[in-house]
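Construct all of the structure, not just a fragment, from the sequences and the given hints.
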Amino acid sequence: METIVFALVNGVIYGLLLFMLSSGLTLIFSMMGVLNFAHASFYMLGAFFAYTIMGATSFWLALIFAPILVGLIGAAVERYGLRRVHVNGHVAELLFTFGLAYLIEEIVKIVYGKTAVNYRVPSILDFPAVQIYGADLPAYRIFMLFVAMAMLIGLWLLLRRTRAGLIIQAALSHPHMVGHLGHNVPLIFMTVFGIGCALAGLAGVIAGNIFVTDPSMAVQMGPIVFVVVVVGGIGSLEGAFVASLLIGLLQNLAVGINASFADIFGFLGLTSASEVGSITVSSLGPVLPFLLLVLILIFRPQGLMGEREL
Amino acid sequence: MTEPMLKVTDLHAFYGKSHVLRGVNLEIMPGEVIALLGRNGVGRSTTAKAIMGEVAPKGEILFKGQPIAGLESHKIARLGLGYVPEARDIFPTMTVRQNLILGVKNMRKPGKHSIDQMLDMFPNLRERADNPAGVLSGGEKQMLTMCRTLMGDPDLIIIDEPTEGLAPKIVHRIGDMIADIARTGVAILLIEQKLSIALRIAHRVYVMGHGEIVYSGTPEDFRTRDDIRAEWLEV
Ligand SMILES: Nc1ncnc2c1ncn2[C@@H]1O[C@H](COP(=O)(O)OP(=O)(O)OP(=O)(O)O)[C@@H](O)[C@H]1O
Ligand SMILES: [Mg+2]
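One line per chain: the protein sequences are S and B, in this order.
Here the first sequence is numbered in the numbering used here, starting from 1119 and rising by one per residue.
Here the second sequence is numbered in the numbering used here, starting from 17 and rising by one per residue.
Please note that a few of the clues may not be correct.
[As the list claims (entries may be wrong)] Not close to chain B: a few residues of chain S, all C-beta gaps over 12 Å, as computed:
1) Ile-1122
2) Ala-1125
3) Ile-1182
4) Ser-1241
5) Trp-1274
6) Ala-1289
7) Pro-1293
8) Met-1295
9) Leu-1299
[As the list claims (entries may be wrong)] Just the calculated beta-carbon pair ranges, DEER-fashion:
10) Glu-1356/S <-> Met-137/B: 32 to 38 Å
11) Ser-130/B <-> Phe-1264/S: 39 to 45 Å
12) Ala-103/B <-> Ile-1260/S: 46 to 52 Å
13) Ser-130/B <-> Val-1229/S: 19 to 25 Å
14) Ile-1250/S <-> Ala-103/B: 52 to 58 Å
Worth flagging that the hints you see were computed from the coordinates, not collected in a lab.
The structure displayed is predicted, hence computed values, not measured ones.
The beta-carbon is built from N, C-alpha and C at its ideal position, and this holds for glycine as well.
This is how it looks when you write it as structure tokens:
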């Protein structure tokens, strides 16, 4: 029982973390029309910047300034890079983001080295906060939940309750018309790109210290975020939200289930001595998102809540 | 003599290699209503797009004496040039009210029209103020795009085929609406195919053929020019 509860809590936290990455990626997709391969690199930058800022000052300053710094870098990438590449079409843009991902990874390796840095949970949050069925839930996890919810509400308020949010949404679907109404669409796009990158950076700040902060973290996170965006329906924020939670829960629940195929399919005569029978459900955790991706692309190419097909 | 509000001189535009505008010249005085007529595909919409910065223009475009050729769209709009495109680009998932809000250029500097006034003038829109604009009828969408552009207080509006695909009764209403807008002192460049509405409200008529202006005159003169109609308009 407690493993299920833990898996649920961790699944929700992981899901919200995925949403922090996928919301930005999906907004940026609506704007560019291509997936930004470098998106998870901004997540990595968030973690490394937080490590540096925390070393010099405190975690709290890192929490504020690392995402801002990442957002500014993102805005500059849009303004001086993507905007120029854009005129040469989608393939050029895609290749640009691809190159950028590797560029950022190599720069991080030069600056921080090839191995993990010691980015740690701040000691003030490093204690067991609640006991569930005798097991401890660390305070930091609750803090992550809090930050993720704040980000979710903030993004929702911005997009759905302000005029700036209306302009952003309209600019994503009808850029020319929004320009003819007198709104500075290039500036809006740069801002959206910056905000998307800042959100990825924020995810890096709060997750880099419970996972590992090393130069391969972008490559590890990138594919899952792509899966979330495609499964949710490319360009759909609601879809990204649902898919983030779905994949977060699926992965964590699978890991939490302590059974093998022999236990489940034993009635078919499968024994744990056989190769198939000895596969455990928990070992399937990493496979599930990609299985979902493949199934979605076959049976529902527009994604769970998307309007357009790929 | 006052200077023209919009003066287009030797305007060229291309789609790839195809040379669509081949030296367009036109002028619009403040408060004037101009009808731009022509057969399908002669380049009327492209003229509008080139003026508005959506298609790259070659040539001179002066708006209130200021060169605007090649400026970014939002800068052109902010000088007071409004555009209601052929496609009636409403924002379908947003409400009628939100569409109107997006027409306001600067919330801190309210313009001539408030959203409530606008809805009072158009009871159809008032009724659906909080519905998504995507559910409106074709005529209502056309009204909404024109109202949305008016929210930005333009001095000149380019309206591209506002009555395309609408029933005759609605066509007449849209004509009245454009005449009403003109009476408030806003200049209008109306791209049309229906002679009835164009001749009813225009002060001057331009006819376009193969990427250039082939006739310009008053509606009275135009009515007598069967030759122009036969050569450049009738199908
Ligand atoms: N995006 C485009 N790419 C290539 N050619 C285009 C494009 N848009 C228009 N054209 C071509 O340019 C010419 C002028 O088009 P334009 O839209 O200006 O015509 P129009 O006079 O507005 O006629 P209508 O609206 O009745 O079709 C046409 O031959 C059209 O096929
Ligand atoms: Mg046209």
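Chain B versus Leu-1299/S - minimum CB to CB distance exceeding 12 Å, so not interface: Non-interface label on Leu-1299/S violated, nearest chain B Cβ at 6 Å vs cutoff 12 Å.
Least C-beta distance between Ala-1289/S and chain B, which was stated to exceed 12 Å: Answer for Ala-1289/S: violated, closest chain B Cβ roughly 10 Å.
Beta-carbon spacing of Glu-1356/S to Met-137/B - inside the hinted bounds 32 to 38 Å or not: 35 Å, holds
Assessment of proposed distance window 19 to 25 Å (beta carbons of Ser-130/B, Val-1229/S): 55 Å, violated
Status of the stated non-contact between Trp-1274/S and chain B (beta carbon gap over 12 Å): 16 Å, holds
Beyond 12 Å from every chain B Cβ - status for Ile-1182/S: 28 Å, holds
Closest CB of chain B to the CB of Met-1295/S still more than 12 Å away: Nearest chain B Cβ is 4 Å from Met-1295/S, so the label is violated.
Outcome for the supplied range 39 to 45 Å, where the beta carbon pair is Ser-130/B and Phe-1264/S: 41 Å, holds
Ala-1125/S and chain B, when compared Cβ to Cβ, separated by more than 12 Å: 36 Å, holds
Separation of Pro-1293/S from chain B, once the least beta-carbon distance is taken, above 12 Å: At about 9 Å from chain B, Pro-1293/S fails to clear the 12 Å cut-off, so the statement is violated.
Ser-1241/S non-interfacial with respect to chain B [C-beta, more than 12 Å]: 46 Å, holds
Minimum Cβ distance from Ile-1122/S to chain B greater than 12 Å, as the annotation requires: Given that every Cβ of chain B is farther than 12 Å from that of Ile-1122/S, nearest at about 39 Å, it holds.
The structure is inconsistent with the numbered hints 6, 7, 8, 9 and 13, although it conforms to all the rest.
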